[in-house]
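What follows is the residue order along each chain.
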Amino acid sequence: MSHLLREYAPITEAGWGLLDSDARERLTPALAARKLVDFAGPRGWSYSATNLGRTELVSDAPDGIEATRRRVLPIVEARAPFSVARSELADADRGAEDVDLGELDDAAQRIAVAENAAVFHGWDGAGIAGIAEATTHDPIPLGEDCERYPRHVAMAVDALRGVGIDGPYGLALGPDVHTRVLETSQHGGYPLLEHLREILGGPLVWAPGVEGAVVVSVGGGHFLFDSGEDLSIGYASHDADAVQLYLEESLSFRIATPEAAVALTP
Amino acid sequence: MGFDQYHEPAAELPDETRTFARLCASLTEEAEAIGWYEQRMAVEPDREARAIMRDAQGEEFKHFSMDLEFLLRRSPLWREIGEGILFTDGDIVEHGEEAEEEATEDEASRGAPLSGGESLGIGGLRGGAS
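Chains as they are written, first to last, in the numbering used here: chain H, 1 to 266; chain P, 1001 to 1130.
No incorrect hints appear here.
Simulated coverage check for chain H against chain P, where a stretch passes if three residues somewhere in it have a Cβ under 8 Å from a Cβ of chain P: (1) 17 to 31; (2) 220 to 233.
With a Cα cut of at most 25 Å, we get these calculated SDA-like pairs of lysine to any residue: (3) P/K1062 with H/G220; (4) P/K1062 with H/T28; (5) P/K1062 with H/G167; (6) P/K1062 with H/P29; (7) P/K1062 with P/R1073; (8) P/K1062 with H/R197; (9) P/K1062 with P/E1048; (10) P/K1062 with P/L1072; (11) P/K1062 with P/E1083; (12) P/K1062 with P/A1031; (13) P/K1062 with H/G221.
A short list of chain H residues far from chain P (calculated; beta carbon distances all over 10 Å): (14) L57; (15) A90; (16) V99; (17) E133.
These aren't lab readings, by the way, just hints derived from the structure by calculation. Even for Gly, the Cβ is constructed at its ideal location relative to N, Cα and C.
Construct the complete structure from the given sequences, taking the supplied hints into account.
Right, dumping it as structure tokens:
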């Protein structure tokens, strides 16, 4: 049995299938960072740190000894608790199609937002620097005039090319900006989305947890997501009415090429 | 039409195992098709016909690769062994032995089962975005 303790939960195999499938369905559209950065792993729950290949001096080494200590980036465990009513699970086993998994859906959204926010804006306490904060390029203000978005995105792409960062380029769009882009057609009715895609040569992704937008090179080798345990559902406890579960993952994220991104601020 | 991708009674298999088995069957079919096109091209004297077969074989390469990537995402141990072998230079058998040994030792040391896995199998999503 793994640390997820799924076998202890009063949930049938079909019930687990339903929960896993619903979680996968809710998470996949929202996991924007994974659509743009390098993903390594999963390496398992016992994986504890990412090798940085760097050392720091140990100052109090014995006489005649030179000592260095390896620097590593610790893996962070992120967990989003939720509960499911046992009556809903029983109905699912009877074949109900409209099972209420609202709390699972909320938890999926929370952990996807947390993952995206960590990658794009950083997570200080977890030792994760975000792409938008680490970039060496000046941010480009987006504003609310969508007609000007192609110009801003083209400026960002030019800035990346200018420092030798090759494409294709991708664009993470915060929810507000994404909505505006979808709603907008330019003169002649050409969708703004398509225009931006042509400038980038890569994907545009809906990115809950992102403020504004971020243009990144998706050429690989720049932004490194290291997965210990990939997103999984585990069991915490239960009573007569509900089962307490959680969505969990362990991860680290580091930036190899800070200049491979440009932040577009709201 | 057959259902012989299942070695065990289908009704007793969980949904994810059935999906996994379907993709394994699909992977096999794509590999067979690649081999068939290779043979046809070897004996076909017409250049235009060979070009069409080459194009069709390219489709099978794509399908095979997508099937394989799906299966690797759903099977962490398979993925870990694959990472030690695929897209490397040097002795393939040597890499295979090393990758298997390292992966199974890692799994055993953390008390994990040597197949399957309980994660949602989402993994990296680059390449699938719009």
